[in-house]
Amino acid sequence: MTDSTTLGLVGGLLQAVVIVAGAPLLVGLMRQVRARMEGRVGAGITQPWRDLRKQFRKEPITPRGTSEVFRAAPVAMVAITLVVAAIAPFVTAASPLPGVADLFVVVALLATGTVAIALAGIDTGTAFGGMGASRETTILALVEPTALVAIFALSVRAGSTNLSAIVDSTLAEPSAVLSPAALLAAAALVLVIVAETGRLPVDNPATHLELTMVHEAMVLEYAGPDLALIELGSAMRSAVYLGLLANLFVPWGIATEAGVLALLVGVVAFVVKVGVLGAALAAAEVFLAKVRLFRVPELLAGSFLLALLAVTASYVLA
Amino acid sequence: MNTVEVALGCAAGSALLAVLAALVVRRRARPAVVGTLTAITGAAGVVAGAAALLGERFAVELPWIVPLSGIALTVDGLGAAFLAVSGAVAVAAAIYGIGYSHHGLDSRGVQATFPLFVLSLLLVPAAGSITTFLVCWELMALTSLVLVVSEHRRRAEVASAARWYAVMTHLGFVAVLIGLLILSAPADGDTFAAVRAAAADLSPAVAGTAFVLCLAGFGSKSGIVPLHAWLPRAHPEAPSHVSALMSAAMVNLGVYGIVRVGFDLLAVDAERWWWLLVLVLGAISAGYGILQAVVSTDLKRLLAHSTTENMGLVLVGVGASGLFASIGSPVLAALALTAALMHVVGHAAFKTLLFLAAGSVLHATGTRDLDSLGGLRTGMPLTTAAFGLGALAASALPPGTAFVSEWVLLQSLIHGLPAPDAAPAAAPTVTVVVLPLAVAVVALTAGLAVVTFVKAFGVGFLARPRSDAAAHAIESPATMLAGMGLAAVAATVLAVAPTLVLPTLGRVAAGLVGSPAPIADAVSVELVGVTGLLSPVLVVVALVVAAVLVVAIPRVLAGRRARREARLWDCGGGPLSPRTEYTATSFAEPLQRVFDTVLQPVQDVDVTHHQESRYLIAAVEYRRRVPDRIERHLYEPVLSFVTRWGRAGRALATGSVHRYLGYGLCTLCALMLLLVLA
Amino acid sequence: MLGLWRRIRRLGRIAEPAPEPPSTDRPDAAEQLGGSVQIRHVDAGSCNGCEIEIGAAFGPVHDGERYGARLVASPRHADALIVTGAVTRNMTEPLRRTYEAVPRPRMVVAVGDCARNCGVFAGAYGVTGPVSAVVPVDLEVPGCPPRPEAIVAALRTLTGR
Amino acid sequence: MSDTAYVQLLNLTAGAVLLCAVLVLWRRELAVIIRLFAAQGVALAALIAVLAWHEGSPELAVLAAGVAVLRAGVLPAVLRRALGTAREGTEPVREVRPVVNVAASLLAAALLTLLAFAVSRPIVELAPSPATQAVPIGMAVVLIGFFVLVTRRRAVSHLVGFLLMDNGITAVGFLTTAGIGLIVEVGVALDVLLALLVLQVLTGRMREAFGNTDLDELRELHD
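Residue numbers (this note's numbering), protein chains in the order written: chain C, 1290 to 1607; chain R, 4 to 681; chain D, 6 to 166; chain P, 96 to 318.
To be clear, the hints were calculated from the coordinates, so they are not data collected in a lab.
Glycine included, every Cβ here is placed at the ideal spot set by N, Cα and C.
One or more hints might be untrue.
Label-pair distances were calculated between CB atoms; the ranges are [claimed, not checked]:
#1 Pro24(D) <-> Ala621(R): 34 to 44 Å
#2 Leu206(P) <-> Gly667(R): 51 to 61 Å
#3 Val245(P) <-> Leu680(R): 33 to 43 Å
#4 Arg1581(C) <-> Arg109(D): 32 to 42 Å
#5 Ala1465(C) <-> Ala485(R): 54 to 64 Å
If you want the ones that stay clear, here's a sample from chain D, every Cβ over 10 Å from chain R, calculated [to be verified]:
#6 Arg11
#7 Ser79
#8 Ala155
Start from the sequences, fold in the hints, and give me the full structure.
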């Protein structure tokens, strides 16, 4: 058993635990930041965990006329996100499953999670479920090109789409982070993340008005443990996306050799990075309003342009 | 006496036996006998292909069959791949057909044509000479045409669809004919070997013309934009197992033709612009096809459009491969070509599955309109499972069949760009400009495919039935389920263990472009020459483990209350009627709005008022159509032109015999004059 | 944007300091919730006076969320219903169905005099009766309309924070 | 200054110039567009300053200062005045409905950038140096400016488009012939000012004539 494999296994397990435990806290942190900037006190960053604990204890409800798809979707979504949380380089650069830690695979896996929830939304047969599914998949389809071209821009430098390889190449030459290519790609990926995690200005996670919902509309039928899984899953998605953004561009602190201290530093660095990113995102949201659904394509076209510029910039500006 | 020869012999024999049986066996037993024999034909084809892929070579000349040139059969690696695919699709379709044929498809003609169609599908990739190829090609076109019209008594649309198909496929045939004749003219003999030998001293102009003609002909066969117009008409109207054969096996042969001509016959004088053309056509087809699929509400039409999309992706791979070969990086060329071949195989598997499932929906409900389907999962669980599997495979999501091939394709595209600090010569401007756009197109296609199949599966099979037919649907007979089962197994195997075929296809591709094999023989997909590693089986295992954890841990930690059934949350109002559900049309509406500059949908709203007061509305009617723009702007002018000339020509034919004889005389004199002058 | 930022800096915290936690005894369902109560609001026929006060209770000044209460969009997500107004005939069945849609353990808070005893609408022809006549009520908030402080106090009784 | 730092700074400033052009295409509010144009002026000046620093030539530094004053100070001020007078009028101060919708024009900008790259690749390979490597960005800015000129309806955004083209030309000029751009720059600046004044007068006249500056109104003059 080589050194990197042990590092991969231990680190993978560790970072999965960290993400599952920390994702609700991240959501709590973001709510707290918003509350403070709106002059409120806020419920404290542990509130999401209280909500989850309560919902796990509540009674599960099966709406009549829904099928296994409806019941399986939350499990599938959380499971997929858990896999990503275990394999992508968050705490350690080495991955437990190198054959899965590929940027395409990760992006596609997260998309699969979205699809599971969308199918569940359709399966309820309510108008809101279908509406949410339709909007969510539309946004998903329009985000895909941006995501993949941005990946392209990142992987050209590393010569591979393997996440560990990209992280290592960034660690090898830190100056590349300040290159226009990297910055443009980062900007594009930020927009991708905003769209995929359903934050403002694409979707308002705190809305009560069904007609403006995207993600919420699909999960209106879930109750108790199923709902808890959904909320945990979407919290983990945000954590995973932010973690990817952080470590693809600012990987420093990530554990590269096995060792308790290295892993500890890795965990701390990861938590700090994601926390800062999340707080920044939440703070930015205070200044934003939700754009109309049919203005979203403009936003995504812009991000696609940024990604494409990132690719060409890496050739134009040697 | 090698396996390929024996297997091909068995295939031909059982096919002819099937034709005979179709003519003599009485109606009730006919589908079973014909289906079984045709399945044997397909299986023999698979065996032949597999044997040839494993290295057996086979060539035979049968001068006595066709006068003048005779028949020459040669099975090499490339042909073998397509042979095996056609055979496999045929097995599933034939078994399925046994149950499917019982409503009106068991007439002698149809039953006798089906085995011939299968046989032609097996012989086209096995053809070793241009004459043989053209003969089999035409046989394939005619038999498929007969099968397309086989339901014309039941539906009026079939006739027009068949007309479109007949015209386009024969124009395509003419193009291929001219192209191949140009190639065979300088060669001695018309075997592929001779043509290959003679191709070296073709002038670039001639070679280019020949290639473009073949591209047009073969492209129209695989539904490449702008020659796709027949495909979304003919494929839906054909009986579903025939649709499967056409959409999963026949279209592949167009790709086969392009690869055969471009990489094999004309390999020596292939030029970069050929492959750029192929790449661009492929990208356009992929994007346009999937856009049409997203907005179409007819289940089988949706699948047909998605066929155009997938063939487009294959051509993107082929074009990229040629491009890489032309800039001198054979490893990437082999990789891209492998991706294309793998996508052909995967597409064959899941498109068969999807068409067969759609057929069993049609069989059970009598409708293909997604807007009136829904809730089929209760009535036909197995079909639902089959279609769900196919949808997952088609939407390029892990763990799905198409994901593997698209991953390999993307890998080749991405590694096509060398590191930025490499010498400019290593990265010609064209690649730096084209590759990112190609990646973007593939990505957009993947995204839209997700929407398409979420729509098809979710709206068509989940939720609540939108019509009585859908509410009372019952599961299909066992043979149909068996056909679907075979396709489902194939799709699953290809998704989880793609390395059963990938390295072999890699060797085929490598042999064509002259490079080392691009994919290592391992459990996980491991690229050779460039870094890239994907192991689908690990993805599956990881997902299963994670799912178990996710189910188990909360139960252990938080206990569990009893599940309660409750009425759907209808905001406290009355029970929701199916009319409040999202339909396929409404599901695709946002995308249609986003892309309305491309699609230009036609929609109109009529409001009928009460006669008492214009403020009271009696009814609101909303109609929306998404006409095919390319068709409107490319085909209709041509058609109107042709009809105009037809009208003009009618003036010549007054019906008087003397005038007709006069025409004859004039022609005769004109010819003699010509002879005198010459 | 900068202007908004400056205003945020200038205003700082608007919320008033938390008053003493209420001493009223909690319904035992509330004990199982552990400091997190998600609330679905149902207007069973109110004059919207109570709605305004509920809005105020979740506004920045009183900030009901700081005690772990949150308004949600669907009764499936909810632990408690806040019902306002005398239950009209047309809202009787919807109210019952909404209650059925809430997963157990569940509670009902009747906010305002109308919800408690139909207030001035008692005996009106369109009124079925008070909320307690349709669904079991766990907690009542008097007042017409009740002050936001009272509503916040009721929420704190549920969350126990 | 160290070579890598020079390259980094050069690239960053060039990237900023391009980014401003793209954002002009993205945003609708005319005020924001003008601010973006000013930002681009700053970036351009910074670019020239970096060149000056690297070459250690004082006149380049002077030019950088001049560019900063003109592109980031004077021209935006003039534009704002035009906008201010527009505000007093009844017309909206946003690019309400461009000829090509925003999403499409962003994709068009992407293609234009690729085109610029493809076109200027040979030029770059004549004398590959960090400065010339950035030439395609100047080209792209020129093309995007032209695109703005073509597809935007409001006179002010037309002016901005025109000025974007000019910025792009200036950038190309400095990146290729660093140092002797003085005469070029002065001449360009002068005729820009001239054109700007002309258009300024035109917009004034138009507002008097039609009450707003939607250039489609000019069709009226045709007959």
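Structure-based check of each hint:
no., hint, verdict
1, Pro24(D) <-> Ala621(R): 34 to 44 Å, "59 Å, violated"
2, Leu206(P) <-> Gly667(R): 51 to 61 Å, "59 Å, holds"
3, Val245(P) <-> Leu680(R): 33 to 43 Å, "58 Å, violated"
4, Arg1581(C) <-> Arg109(D): 32 to 42 Å, "39 Å, holds"
5, Ala1465(C) <-> Ala485(R): 54 to 64 Å, "56 Å, holds"
6, Arg11, "38 Å, holds"
7, Ser79, "6 Å, violated"
8, Ala155, "27 Å, holds"
Checked against the numbered hints above, the structure breaks hints 1, 3 and 7 and satisfies the rest.
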